[in-house]
Amino acid sequence: MSVLEKVRPERKPAPAREPRVTDEHGRRVRVGELALRYVLLLAVLALTVGPFLWQLSTSLKGPTEDIYSSPPSFLPGDPTLHNYERVADTVPVWDYALNSLKVAGANVVTNCVGSALAGYALARLRYRGRRAATLAFVLAMLVPVEGIIIAQFTTMRELGLNNTLVGVVLPGCVGAMNVLLMRNAFLNLPYEIEEAAFVDGAHVWQRFLRIALPSVKGTLAVVAIFAFMGAWDDFLWPLIVLSDPSKFTLTIGLNYLHGTFANDERLVAAGTVIAVAPLIALFACLQRYFFRGVGEGAVKG
Amino acid sequence: MAVPRTTTVTRVRRQLPTSPWLFAAPGLLIAGAFVLYPFLSTLANSFTDRRTLIPGRFVGLANYREMLHDDMFWIGLRNSTLYVLGVVPALVVLPLLLALLVRKNIPGITFFRSAFYTPVVASIVVVGLIWVWLLDERGLINSLLETIGVGRVGFLSDQWLLLLSAMAVTVWKGLGYYMIIYLAALAGVPRELHEAAAVDGAGAVRRFLTVTVPAVRSTMVLVGALSSVAAFKVFSEVYLMAGPSGGPAGEDTTLVMLVQRTGTGLTGRVGYASALSVVVFAVTVALMLLVLRADRKEERV
Numbered sequence: 001m002s003v004l005e006k007v008r009p010e011r012k013p014a015p016a017r018e019p020r021v022t023d024e025h026g027r028r029v030r031v032g033e034l035a036l037r038y039v040l041l042l043a044v045l046a047l048t049v050g051p052f053l054w055q056l057s058t059s060l061k062g063p064t065e066d067i068y069s070s071p072p073s074f075l076p077g078d079p080t081l082h083n084y085e086r087v088a089d090t091v092p093v094w095d096y097a098l099n100s101l102k103v104a105g106a107n108v109v110t111n112c113v114g115s116a117l118a119g120y121a122l123a124r125l126r127y128r129g130r131r132a133a134t135l136a137f138v139l140a141m142l143v144p145v146e147g148i149i150i151a152q153f154t155t156m157r158e159l160g161l162n163n164t165l166v167g168v169v170l171p172g173c174v175g176a177m178n179v180l181l182m183r184n185a186f187l188n189l190p191y192e193i194e195e196a197a198f199v200d201g202a203h204v205w206q207r208f209l210r211i212a213l214p215s216v217k218g219t220l221a222v223v224a225i226f227a228f229m230g231a232w233d234d235f236l237w238p239l240i241v242l243s244d245p246s247k248f249t250l251t252i253g254l255n256y257l258h259g260t261f262a263n264d265e266r267l268v269a270a271g272t273v274i275a276v277a278p279l280i281a282l283f284a285c286l287q288r289y290f291f292r293g294v295g296e297g298a299v300k301g
Numbered sequence: 001m002a003v004p005r006t007t008t009v010t011r012v013r014r015q016l017p018t019s020p021w022l023f024a025a026p027g028l029l030i031a032g033a034f035v036l037y038p039f040l041s042t043l044a045n046s047f048t049d050r051r052t053l054i055p056g057r058f059v060g061l062a063n064y065r066e067m068l069h070d071d072m073f074w075i076g077l078r079n080s081t082l083y084v085l086g087v088v089p090a091l092v093v094l095p096l097l098l099a100l101l102v103r104k105n106i107p108g109i110t111f112f113r114s115a116f117y118t119p120v121v122a123s124i125v126v127v128g129l130i131w132v133w134l135l136d137e138r139g140l141i142n143s144l145l146e147t148i149g150v151g152r153v154g155f156l157s158d159q160w161l162l163l164l165s166a167m168a169v170t171v172w173k174g175l176g177y178y179m180i181i182y183l184a185a186l187a188g189v190p191r192e193l194h195e196a197a198a199v200d201g202a203g204a205v206r207r208f209l210t211v212t213v214p215a216v217r218s219t220m221v222l223v224g225a226l227s228s229v230a231a232f233k234v235f236s237e238v239y240l241m242a243g244p245s246g247g248p249a250g251e252d253t254t255l256v257m258l259v260q261r262t263g264t265g266l267t268g269r270v271g272y273a274s275a276l277s278v279v280v281f282a283v284t285v286a287l288m289l290l291v292l293r294a295d296r297k298e299e300r301v
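Read top to bottom, the protein sequences are chains A and B. Read in the UniProt record's numbering, the first sequence has 175 at position 175, and its numbers run on one by one without any break. Read in the UniProt record's numbering, the second sequence has 140 at position 140, and its numbers run on one by one without any break.
It should be emphasised that the hints constitute simulated quantities derived from the structure, not laboratory data. As the structure is a prediction and not an experimental result, all values here were calculated from the model. Every residue, glycine too, gets a C-beta built ideally from N, C-alpha and C. Treat the hints with caution; some may be incorrect.
Stated by the list, open to error - To give a feel for the contact side, a few chain B residues facing chain A, derived at Cβ under 8 Å:
no. : residue
1   : G56
2   : L156
3   : Q159
4   : M220
5   : T267
6   : V270
Said to hold, decoys possible - Keeping only pairs whose Cα atoms sit at most 20 Å apart, straight-line, the calculated SDA-like set for lysine to any residue is:
no. : chain 1 : residue 1 : chain 2 : residue 2
7   : A       : K217      : A       : L187
8   : B       : K104      : A       : L34
9   : B       : K104      : A       : L187
10  : A       : K247      : B       : D49
11  : B       : K104      : A       : V39
12  : B       : K104      : A       : R37
13  : B       : K104      : B       : A196
14  : B       : K104      : A       : L45
15  : B       : K104      : A       : L139
16  : A       : K247      : B       : G265
17  : B       : K104      : A       : L40
18  : B       : K104      : A       : V44
19  : B       : K104      : A       : G259
20  : B       : K104      : A       : G32
21  : B       : K104      : A       : K247
22  : B       : K104      : B       : A215
23  : A       : K247      : A       : G259
24  : B       : K104      : A       : L98
25  : B       : K104      : A       : K217
26  : B       : K104      : A       : A43
27  : B       : K104      : A       : R288
28  : B       : K104      : A       : V113
29  : B       : K104      : A       : L36
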């Protein structure tokens, strides 16, 4: 369920010869109300985006500029990238970024492949034990990660995978919710096409790859984006499983930077900008799927 | 049909017994090994004195009895409960108001919707560190407070202000997410209801209470359930703002922080941390049932 798709059809573009602003019911919005709306929108904008801009501004302020001044100066007097060089000298921030990228990339691949395969099996294939398999995924989805994190840690130790990036990826590499999302997507496809292919002699693998999978690209994109964001942003699990600073991901590295060099606000600011910029860029390009994922995740989760 | 039907059927039949399980295998393996097995082993470990490096033996209910006399457990339970009480009402109401604000398709509204969603995309570590700097003794908010003559406030040094600040950050980060959920729900409210109420002379506030709220009530319950479960399991915000030891004298420790502190590392008390995890799990389930029951009761009236 995509929010934007739901909202969009209601928009009625104003005719060119009579420019006026209408609401979602096609009625005219009064000027006074419109002004009030924009004032409120701008206030919320300052509240939600302002903190990110302040962080960006702090990261661009040079060593001689007073970052504690009162009243505060919102723009850097002499913008410099010096802090980004210094943060890389202090902690291996680019290695951390690479580790995060590896973890997030692997999480995308395993979640897309694993949940598409399992979702297809749950939705389409007839076999004994299918209901039990579905139930297993539903139960797995309901278990809160925070409640089992200690057992996951001991399991990882027994496997000898603690303090490795594989250990970071493994527990979430095929999310149960993603499997159920894919199952629903496959269930919503008309069965007749696959039946026709079946009669034509296409075997399971061909029907899956050539017919079913191309029809659920949208859901697959949602799974991919949320897998990337989840792995890139995750904090608690990597904090528990990683102990060697050379293996840190960006979030753990930032926590380390903050704990060790807490007084140097410019450095921490530069680090957070490095961590958040790729995701904001991703979001800016693929908003549609982010919003769609919220709808699907909320209904299922 | 190019392929003779008889061979097709035999080929398909031969594949059926094995391939569905091959499709589901990766997902089932991960869900079993890293969610369902850890869940059962958490339950089992909670009755042992297991440590990270020592296997441990059965101790019955000793861990649960110890909990009753552990001040830290009660502090954690108190803080996590306060977190639910503080965060959930705000996250049920504020995003609904925000959704109403961004609902009308006035020029530029897509930009505002996306901008309000930005905090959701950012990692909780980034968000936590941004607010640590904003709320710092010499940070932006205190500079502004000093400029307008209020004077500086120790947001991050007082036990209660710290917890309150962390709650505010949680609400700030969640606003956009729940706003999107409400936006989808509002799209389904029939406009005739609004118009009829307007004709009857109901003002905006009255229409909100008598038309909008009843129409999105089930969504409010959903948001209440989602946000209360998430709030009880709070870890990152408080960990980052109060520090690993949980603020002054550990008074800001949450239950999941206590689980993490007790059960991880080489000296981790896995048995006791598992018992704490069982409490986290039990309260989470209870909160879900409570919210859903409240929903059903209201429906009967």
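These are the hints, each one checked on the structure:
Violation of the interface hint for G56(B) is found here, the shortest Cβ-Cβ separation to chain A being roughly 10 Å, above the 8 Å cut-off. Hint status for L156(B) relative to chain A: violated, with the closest Cβ pair at about 11 Å, above 8 Å. Checking Q159(B) against chain A by beta carbon gives a least distance of about 19 Å; that is not within 8 Å, so the hint is violated. Hint status for M220(B) relative to chain A: violated, with the closest Cβ pair at about 12 Å, above 8 Å.
Checking T267(B) against chain A: minimum C-beta separation of about 13 Å lies over 8 Å; hint violated. With 8 Å as the threshold, the beta carbon of V270(B) comes within range of chain A, its nearest partner Cβ sitting at about 6 Å, so the hint holds. The straight-line distance between the Cα atoms of K217(A) and L187(A) is roughly 14 Å, inside the 20 Å bound, and the hint therefore holds. Restraint check: the Cα-Cα separation between K104(B) and L34(A) comes to about 10 Å, which is no more than 20 Å; the hinted pair holds.
Of the pairs offered as hints, the one joining K104(B) and L187(A) is violated, with about 34 Å between alpha carbons and a cut-off of 20 Å exceeded. A hinted pair counts as satisfied when its Cα atoms are at most 20 Å apart, and K247(A) with D49(B) does not qualify at roughly 31 Å. In summary, the hint linking K104(B) to V39(A) is supported, as the alpha carbons are separated by about 15 Å, within the 20 Å threshold. Between K104(B) and R37(A), the direct Cα distance comes to roughly 10 Å. Compliance with the 20 Å bound is thereby established for this hinted pair.
Only pairs whose Cα atoms come within 20 Å are accepted, and K104(B) paired with A196(B) is accepted, the gap being roughly 19 Å. Distance check on the hinted pair: K104(B) and L45(A) sit about 16 Å apart at the alpha-carbon level, within 20 Å; holds. Our distance criterion of 20 Å between C-alpha atoms is broken by K104(B) and L139(A), whose separation comes to about 40 Å. For a cut-off of 20 Å, the pair hint linking K247(A) to G265(B) stands: about 16 Å separates their Cα positions.
Taking the CA atoms of K104(B) and L40(A), the gap is near 13 Å; set against the 20 Å cutoff, the hint holds. Straight-line distance between C-alpha atoms of K104(B) and V44(A) comes to about 16 Å, which keeps the hinted pair within the 20 Å bound. Distance check on the hinted pair: K104(B) and G259(A) sit about 44 Å apart at the alpha-carbon level, beyond 20 Å; violated. Taken as a hint, the K104(B) and G32(A) pair is honoured in the structure, with Cα atoms around 15 Å apart against an allowance of 20 Å.
Taking the CA atoms of K104(B) and K247(A), the gap is about 47 Å. The hint is violated against a cut of 20 Å. A threshold of 20 Å between alpha carbons decides the hint, and for K104(B) with A215(B) the separation of about 18 Å falls inside it, so the pair holds. At most 20 Å may separate the alpha-carbon atoms for a hinted pair to count; K247(A) and G259(A) meet this at roughly 17 Å. Note on K104(B) and L98(A): the hinted pairing is violated, with a Cα-Cα distance of about 42 Å set against a maximum of 20 Å.
Among the hinted pairs, K104(B) with K217(A) is inconsistent with the structure: their alpha-carbon atoms are about 30 Å apart, more than 20 Å. Restraint check for K104(B) and A43(A): satisfied, since their Cα atoms lie roughly 17 Å apart, inside the 20 Å limit. A distance of roughly 18 Å separates the Cα atoms of K104(B) and R288(A); the hinted pair therefore holds under the 20 Å criterion. In summary, the hint linking K104(B) to V113(A) is not supported, as the alpha carbons are separated by about 39 Å, beyond the 20 Å threshold.
Of the supplied pair hints, the one linking K104(B) and L36(A) holds, its CA atoms being roughly 13 Å apart against a limit of 20 Å.
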